[in-house]
Amino acid sequence: MEPAGPAIHIIVAEPAQPAPVDLLGTVAALEGLGCEVRVAVVADAETVRADCRDAEVDLIVVDRRLGRDCESILETHGDSGPPVVVVDAEGSAEAALDAFRRGAADCVSGGAQYADVLPVVVMEQIRRWRAVQERGSAARLIRELERVHQNIIHNMNSALLVVDMEGRITACNPPAEQILSRPESELRGAHVWGWFKRTGDGQDLVAKTLRDDVRFKGAESLITRADGTLVPIGISCAPIFDAAGSKHGAVAIFQDLSEITQLRNQMLQNEKMASIGQLAAGVAHEINNPMGFIHANLFQMAEYLADLRRVWSDVEGLQKSIARGDAEEIRRTAEKLAAMAEDVDVPYLLTDLATAIRESQEGSERIRHIVQDLRDFSHHETGQRVVTDINQCLDSTANIVWPMMKHLVVLEKKYRDVPRISCFPMQLKQVFMNLLVNAFQAIEERLGESGGTGRIDLTSEAQDDGVVVSVGDTGVGIDPKHLDRIFDPFFTTKKVGIGTGLGLSTSFNIIRRHGGTITVESRVGEGTTFRVFLPISGDDDVDAN
Amino acid sequence: MTRTEENLPRLLILDDEAGILSSLRRALRREGYEILTFERVEDALREIELRPVDAILTDHKMPGMSGMQFLKSAAELRPNAARLLITGWPEAIPPSEIAELGIRALITKPWDDAKLKATLRAVLSEP
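Residue numbers (our numbering), protein chains in the order written: chain A, 1 to 545; chain L, 1 to 127.
Possibly wrong hints are sitting among the right ones.
[Stated by the list, open to error] List time: in silico DMTMM-like cross-link candidates among lysine to aspartate or glutamate, alpha-carbon distance up to 25 Å:
id, chain 1, residue 1, chain 2, residue 2
1, A, 494, A, 461
2, L, 72, A, 444
3, A, 494, L, 91
4, A, 406, L, 17
5, A, 413, L, 17
6, A, 494, L, 97
7, A, 413, A, 526
8, A, 406, A, 373
9, A, 247, A, 212
Hints were generated in silico from the structure; no laboratory data involved.
Kindly produce the complete structure, drawing on both the sequences and the hints.
What follows is the structure, given as structure tokens:
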């Protein structure tokens, strides 16, 4: 029958003469436990060393009568490797002490009990050795797992930080060192409080994860580097639980979004520039009209002034004549003055001068308003979420696009009372502007050369913890086969130079970043309505559990 | 100023901007024209329908109807009236359409008074 237990390899080192160590009982006992036992009998320390190199040895039994070789074996194997059991036929206490001192695992004396004791000692030593080896291999396995684990952490593209419940870093990787511009030695043990601030509301994501067990996936955040600069990152953060289910920290995985943020800003900027190009024409036209008559009026007023000077010089002439007291001269200069006054038409001139000044004042007031509208519209974007009145956003956008469309469009505004929302106002204005310009262009296309006007309905209302803005037009409508592509980047049905194909895709992204939705309804030949829903909180990509 | 009003060349000006009309009237007041100004396309067309005019000066970008569309209708009613366009963006109007409508002059806003007067004089002195 095949033995079921482990193979056990024992080396017995003993002199050829006299009586050999009696291992029979030991072998029998081990075999009784189901082990396969192999015993190699050798006579010198050199062979023991060789055998230990070549094979896994579980136990070395040495007869003390080997003398110098016995000492040599103990020297080599006493402190490490398989246990060495010394068999001493004489059995003196001093010899046993000496053997232990040299590293023997045990020492069995000769005598009556020898045959009974040896198997017990051997089995105990093998058991201990095996246990030690098993622990060793478990430790090796753990070391191996750790190595794989470290490899993964070190070679992943994303930065990784593991923190304990106190927010202290317990593990990190090179991308984390790079993004944070701090070496691992500085990172380990450092507190991360305040390092991860979500874009907009500034919430500390790691702290929230540790406190409320909230997981974040792909949230946008700013991270503070050692030098105080802020880096935009995309971060996923989750609590870590041990086997017993108690939370003992959090893991944060994040990527540097500087480049992506830059590209995205560039794309937004491109889109904005294209829209501004369209706006500029409208605004310039709006400014050009009052500018046109103010300009002409100033020229006219200069002429009026010249006319009045001529009259005044005749008045002075008359005054001089009166001073001289020559009646004839007085009569002549008075006649000249009267003729001049009639030619210049002083009463008309004075009245019209007042009118020209009033009209010019009104014109310049209009220009001032346009500039104010522009200023409201392009109000400095801080890059932070701002609690905003959406109706104001809508109105300043409508004011700015109005000039470009007023000759073709009737604009109906219906703003209801809506809750203020946390948002990036400039980005939302860009969306509204885009929708309004699209609506206008759809109307323009529908009217063509036929004349007449179209209508745009601009509304806002409160709904489900948010605001719904709708822009409806009476334009050409969208072909059903295009409807599911209108939010794709670079998709456009407009003529080259009119549409960038980025307007709606940019709008879509802006609304999504606000945690909102944008939907469309359209009928060819009737018109199109876009609806934008914006939640009050504006939380983006939060996965709370 | 010896001419009676009936003998003065009749100049019709159309612009949706009252300030522009007032300013044009002011600039041309000593030019010896009978000046008729209108803010609405319909009113201008009615006047043209009722009585002949010698010249028509119109803005381009107006609510409801563009200056070009207006001139087309005016040309049907009074083909002999000289047609002039005043606009902030003359380059936005295709030259082919200008030729097709027989537009005699394109005047840019803001305009230069002296040039405007000279243009009108030239246009109105030609048959």
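Here is how each hint holds up against the structure:
1. 494/A - 461/A: Roughly 31 Å between the alpha carbons, so the hint for residue 494/A and residue 461/A is violated.
2. 72/L - 444/A: 20 Å, holds
3. 494/A - 91/L: Distance ~22 Å between residue 494/A and residue 91/L Cα, so the pair holds.
4. 406/A - 17/L: 13 Å, holds
5. 413/A - 17/L: 24 Å, holds
6. 494/A - 97/L: The hint holds at about 23 Å.
7. 413/A - 526/A: It holds: about 20 Å lies between the C-alpha atoms, which stays within 25 Å.
8. 406/A - 373/A: 16 Å, holds
9. 247/A - 212/A: 11 Å, holds
In this structure, only the earlier hint numbered 1 is contradicted, and the remaining ones agree with it.
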